[in-house]
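Asks: Take a look at the letters that make up each chain.
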Amino acid sequence: MSNAATIKLVGVEKAFGNQRVLRGIHLTIPAGKLTTIIGPSGEGKSVLLKHMIGLLQPDRGEVWVDEVNIAGLKSRDLNEVRKKFAMLFQGAALFDSLTVFDNVAFPLREKLRLPQPEVAKRVDEKLEQVGLAGMGHKYPAELSGGMKKRAGLARALVMEPEIILFDEPTTGLDPLLAKTIHDLIVTMHRKFGFTAVMVSHEIPGVFAISDWIAMLKEGKIAAMAPSGEFQRIQDPAIREFISVGGPALGQPALPGSG
Amino acid sequence: MVTAGVARIGATTLFLLGEMGRMLIFLLSSFAWLFRPPFRPWQFLKQLHFIGFKSTFVVVLTAAFTGMVLGLQGYYTLRKYGSEAALGAAVALSIIRELGPVLASLMVTARAGSAMTAEIGIMRITEQIDAMDTMAVNPLQYLIAPKLVAGLIGVPLLVAIFDVIGVYGGYLVGVDLLGVSAGSYWSSVESAVEWQDVYGGILKSISFGLIVSWVCCYKGYHTGMSAEGLGKATTEAVVMSSVLILVWDYFLTSVLL
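Chains X and Y supply the protein sequences, listed in that same order.
Positions in the first sequence are counted from 1; adding 37 to them yields the numbering used here.
Positions in the second sequence are counted from 1; adding 12 to them yields the numbering used here.
Just chain X, with the same shape it has in the complex (with noise of 0.2 Å):
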């Protein structure tokens, strides 16, 4: 947890065009915790975990990695920053070209420049950790949604990274998978001690894995808490919102909602 890194968003604002998405965020993702956002669909989550690795630069505010605001950085003082981040992808984002192996690979090749047998030592006990073993050799069209995930996995772990951002990593996936995902990465969480920022709709499920819970809403940080205070929020808008994947542990339903 020693090397775990902090983010911290500061009026951040975004718009497309004429729809703004993000209105002025202020938020901290604690070092070495995992934190989820939650929030209605098309409120800009993803949006909100690409300002936090400069995928996307913000319109105004400012974006702190440990002490360096990225807002505006040049491309390669950002790639420098980003050295400190993987990222989980919705689809997983693997090459197409480029076997499992080759994917976990890639960025031990590009970026380390280690030497064969050490990228092989690297990759193959990735592969293993994350449920893959002697999976290398297949292309991603020929894995499943779950596999896939693991193998983006695989890849974000590999060069150790102080953050991990997650974004929607169990999209797409039945109960069961998504809870094996889910607990894959509390394990890796537990074991590497990283920053873990993670986009879901898993409701209730996010509140037994992680940390922190923070809910966007209408383009803001509607509220920030630790997972158990977090369910016991009284605004009408988060029990809602939170209540609809089903009763939060120790809080009743809304009366109501199913």
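By construction, these hints were calculated from the structure, which means they are not laboratory data.
There could be a bad hint or two in this list.
Stated by the list, open to error - Using 35 Å as the maximum straight-line C-alpha spacing, the simulated DSBU-like pairs for lysine-lysine come out as follows:
id, chain 1, residue 1, chain 2, residue 2
1, Y, Lys58, X, Lys111
2, X, Lys158, X, Lys175
3, Y, Lys58, X, Lys175
4, X, Lys175, Y, Lys66
5, X, Lys70, X, Lys111
6, X, Lys148, X, Lys45
7, Y, Lys244, X, Lys158
8, X, Lys175, Y, Lys244
9, Y, Lys66, X, Lys148
10, X, Lys120, Y, Lys58
11, Y, Lys58, X, Lys148
Dock chain Y against the given chain X, drawing on the hints supplied.
Replies: Just chain Y now, kept in the frame of chain X:
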């Protein structure tokens, strides 16, 4: 109504100017990344294999039939003036100066250019390019720059092959089928074709190679985020590359002549 019309023209002009600026920045940034380590010769060779070697068959086929039809047309036209002996010169000059660079580049656009746009576009839509960015690997350096250089080198090589096959195609029809003497065919080629013609053809093919890879990479990189958007980007890439090749050919020819 007049105001609306002027506003529309103004908006279109601004959009086109903006697009041209973005394309130029895309090209210059990609070339700038080319000279920064790490260097990836394997990526370049892979692209050269795809753009160059894999286009050889279609280029050879096009060249053979272009040369043959030129031999046929040229023979019957020249015969009216009793100048069949000049067939070699007519075929060789047409191919080396114009048809070789233009047709080979158009074939590369159709075969490799459209595939480049589709490949890069799919990588954009499925967030593979974003993934590359998050791993601190610059996509312009890793993905685009090798394709630009492969286009610059691959197309002139293909044009050279086109020229040779095309001249032999004319020989096959003119000499073997229509009875022009082999000696007069080759001697007219030798006396008519000058180094300047070959040099001009190579210069054209280098610039056409750049146009194809530049336009096709740009369109793929900035594709719309849907299947429809990707289809539109691919069509635009092929049409724009082809038109630019023809327009640029005219300007370059007027300078070279």
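Asks: Take the hints in turn and mark each one as holding or not.
Replies: Evaluation of the provided hints:
1. Y:Lys58 <-> X:Lys111: holds (30 Å)
2. X:Lys158 <-> X:Lys175: holds (18 Å)
3. Y:Lys58 <-> X:Lys175: holds (21 Å)
4. X:Lys175 <-> Y:Lys66: holds (25 Å)
5. X:Lys70 <-> X:Lys111: holds (29 Å)
6. X:Lys148 <-> X:Lys45: holds (26 Å)
7. Y:Lys244 <-> X:Lys158: violated (44 Å)
8. X:Lys175 <-> Y:Lys244: holds (32 Å)
9. Y:Lys66 <-> X:Lys148: Given that 35 Å is the threshold and the Cα spacing comes to 30 Å, the pair holds.
10. X:Lys120 <-> Y:Lys58: holds (27 Å)
11. Y:Lys58 <-> X:Lys148: holds (20 Å)
The earlier numbered hint that this structure contradicts is number 7, and it is the only one.
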